[in-house]
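**Q** We have chain A; now place chains B and C onto it with these hints.
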Amino acid sequence: MAEIIHVKDLKKTFRTHARKEGLFNAVKSLFHREYQTKYALNGVSFDIKEGEIVGFIGPNGAGKSTTIKALAGVLYPSSGTMNVLGYTPWKDRIKYVKNIGVVFGQKPQLTWDLPPLDTYGLNRVIYDIPRDEFKKRLDYMAELLDVKEIIKNPTRDLSLGEHMKCKLINALLHNPKLVFLDEPSIGLDVVAKDRMRQFILEVNKKYKTTFIITTHDMGDIEKLCKRIIIINHGLIVYDGLIEKIKQKYLTHKHLAVKFNEKARKFKLKGCKILSETDCELKLELDTHLQNIKNAINYLITNFDVEDIVVEDPPIEEIIQKIYKENKV
Amino acid sequence: MNLLSKLVRIELKSIGLELSADMAYKTNFFIKCLAVWTYDFVGPIVALLIYSTTLGIPGWGLYEFLLFQGTVTLVFGFGNTFAWSMTYKVIETVRDGEFDKYLVKPLNTLFYLFTESINSEGFAEIFAGCAIVVFAMAKLGLSLFSFNFLLYLVLVLSGFAFEMAISILVSSAAFLVVKSEALMNLYFKISDFARYPLNVYSGGVKFFLTFIIPLGVSSFYPATILLKGATPVLLLSTILPVFVFCAVSILLWNRAMKKYSSAGG
Amino acid sequence: MIAKILRNYWATGKMGLKVGLQYRFSFLVTMLTTPLALFMYFFLWKSIYSVTGQEIIQGFTFSTLIEYYVLSMIVGFFTWCDVDKWISQDVRHGRIISAFVAPMSILSQNLAFEVGINALAIILEMIPVFLIGFVLFGLHAAPLFNFIMFFVSVALAFLLAFFISFNVGLSSFWLKKIDGLRRIRRTLIYFLSGGLIPLSFFPGWVQDVSHFLPFEYIRSVPIKIYLADYSALAILGQIGIQVAWIVLLYLLSIAIYKRAFKQFTGAGV
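Chains as they are written, first to last, in the working numbering: chain A, 1 to 328; chain B, 329 to 593; chain C, 594 to 862.
The shape of chain A in the complex, shown without the other chains:
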């Protein structure tokens, strides 16, 4: 598949002013302001192929949204080059922007007083979508997300989940090659999140749409992204497949053990008890010190075990580890 995004050595600095609390400082700031320079991006480089679903992760203030804004053509970098779909985003904005879709999880995008359907109609004109293709795609997506009826209600009457789904459709109606999702699952319940993820996978399969997702939700990462880019302090800290991360950093396994008797403490090499309730124990096993087979054997032999579940530790933990390791 062709590469559609080339980012080389992207840098961005911001200037902000800080104000302290209290009436005295408020008056003081009327006459004198202190400015701080913030280095948001310190040289970010990556390439993305068509049809990929890439997750962007990083702590707040790491440079995620700055990168996304630059990719969306809404930010001039301080230095560096960027080529997306053959355009330099911030230079050819109006032409470039026809090929992308953006969903901001926390910001309003649809006209508040009117039904989403009206906004869709407007976009049909602005993005030059042929009528029949528009109808086909709208029906398809509304069906997938189960919002066929509610798109006729004013946006202000929609629940958070419904609103999010409508925004998603809004971004995809014109069949963009590249879609940015910024915190798409914020505030959604489990069912809605799942629906949304299925939807993204469907669309990606059917239309080869490239997705870039910034998120704090590890469920999004695990279910959607094969590749993740981790940003911290304005630099890329990891860029690669999730599988590779798991292999490299997966030195532990988590065991959830259910007993038929009251759980008793025990000592086994490489085994740490994470939490316990009456009949359950959660254990962390260091696979370098003890292999899983031996551990399970030990437990079954010495206790009346009803069930054992073996899992990888949540990817959250792994990523925390990576953040810590790369603290500048």
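Simulated from the structure, these hints should not be mistaken for lab results.
Incorrect hints may appear among the rest.
To be verified - Only pairs whose alpha carbons sit at most 25 Å apart, straight line, appear in this in silico PhoX-like list of lysine-lysine: (1) A:107 x C:639; (2) C:769 x A:152; (3) B:517 x C:639.
Stated by the list, open to error - For the chain C half of the interface with chain A, some residues (derived, Cβ under 7 Å), not all of them: (4) 594; (5) 596; (6) 600; (7) 601; (8) 627; (9) 636; (10) 688; (11) 694.
Ideal placement from N, C-alpha and C gives every residue a C-beta, glycine not left out.
**A** Frame of chain A, contents of chains B and C only:
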């Protein structure tokens, strides 16, 4: 005594908070005060234009009319700072469903509302009004230490009271009827009539603005009394309607509060 | 190419119209209450004219002056422009970033939307005031040429007011809260365009300077066209000046917009 000092402390704190929050948006605060002054001094400029090209408004010389305008600015300025800000707050919080917080605190609802909604740029308007009044009085050779000035202050205070009363009335309407913004809109259009001396209007209008909706106390009667003095009859007939209005508005407010809390918010 | 732009404008304008429909109640209220001011000016100037004893003051008879105020109200409906409020709200709530990602310039989006949202208001408010003017306040029907030119001039006045408001709105990229600035804009435009009192009451030098400012072209000039204060040729000249001001403010808006965009991306909204 304890309650009084408590109320005073809350009042000062809320003014302090209001000023602090505004100064955070430093440029906007300065500009808002400037905006208020631009608006308030346009009136006197128009007065100068009228008096330089015509013989002016019957019964009022230039400085007398400026005195009149300063009084309107002062009284409406008070209204904008303390009274109407409450009404906007009520409409806003009822719409957002946040009004309940005013009912929950162990403080009189109206007073709490009052302290929370002080509009700081209104002080610039009050200041402008005073400045114009003082200027006009100086030009007219009127003394601050005269009996007429005392009466003037009494009338101005009743003007303040009327502003409070009418704004509370409209606030009550926000609970008892829908779309009270329309009512507010209508009232403001009517109050514009008080920006010119009541003697220019027909008898019916003058009657209406003296006894039915006593806007006369905002400007016409204080200014007239300062310039010409007053009989007890005049005083009574202008101030009494204000008292009636205050009573009606408090009654209506209590009714609205009862309805609101009994309806489950 | 042009057809495409027109289609975009039409679609966006329709959205504005739909939003405007939501506020039809408040338009109704405005329509019913605004004409009250006409009574106020009627009484005020009646008393002034009676004391002064002249028939004509600064070029106006009493009846012409009242016609002036009626027309001023009508023109005011056309030139009421809240685009600075919409822009500042978009900037503060973050919606502006979606506006940037749309394949239509911010200027076009706002202009088309504003026309749409005002269209209904103008019709609802203007017609009653015309009627009241004819029936109660002695507004006369202008000759056809003046009548048509009046509406041309008023449409241009709308564009003029729009660009001033738009440029003020762009300042919200720097100032975030611009309600003070907006109020100054409204007051200044209202006063200097002759809304409170006709410009001929101003000192001579002010009137001379005013010809070089855009304000009189927002209200006073269209009114004078209606009242036939200009010859036919002069009318065309005045309209030309209106167009010139629109072009100037449009160019200014492009310059400000470029810097606003830089500011926006720099400050990381």
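**Q** Determine for every hint whether it applies to the structure shown.
**A** Each hint, compared with the structure:
Taking the CA atoms of residue 107 of chain A and residue 639 of chain C, the gap is near 55 Å; set against the 25 Å cutoff, the hint is violated. About 33 Å separates the Cα atoms of residue 769 of chain C and residue 152 of chain A, which puts this hinted pair outside 25 Å; it is violated. With a C-alpha separation of about 20 Å, the suggested pairing of residue 517 of chain B with residue 639 of chain C holds against the 25 Å cut-off. With a cut of 7 Å, the hint placing residue 594 of chain C at the interface with chain A is violated, because the nearest CB-to-CB distance is about 12 Å.
This hint is violated: residue 596 of chain C has a C-beta 11 Å from the nearest C-beta of chain A, more than the 7 Å allowed. At about 6 Å, the closest approach between the beta carbon of residue 600 of chain C and any beta carbon in chain A falls short of 7 Å, and the interface hint on this residue holds. The beta carbon of residue 601 of chain C is positioned within 7 Å of a beta carbon in chain A (closest approach about 6 Å), and the interface hint is therefore held. Hint on residue 627 of chain C is violated. Least Cβ distance to chain A is approximately 24 Å, over the 7 Å limit.
The interface hint given for residue 636 of chain C is broken, as the beta carbon of that residue sits about 40 Å from the closest beta carbon of chain A, more than 7 Å. A cut of 7 Å between beta carbons decides the hint on residue 688 of chain C: the least distance to chain A is about 5 Å, and the hint holds. At its closest, the beta carbon of residue 694 of chain C sits 5 Å from a beta carbon of chain A; the interface hint therefore holds under the 7 Å criterion.
Checked against the numbered hints given earlier, this structure breaks hints 1, 2, 4, 5, 8 and 9; the rest are met.
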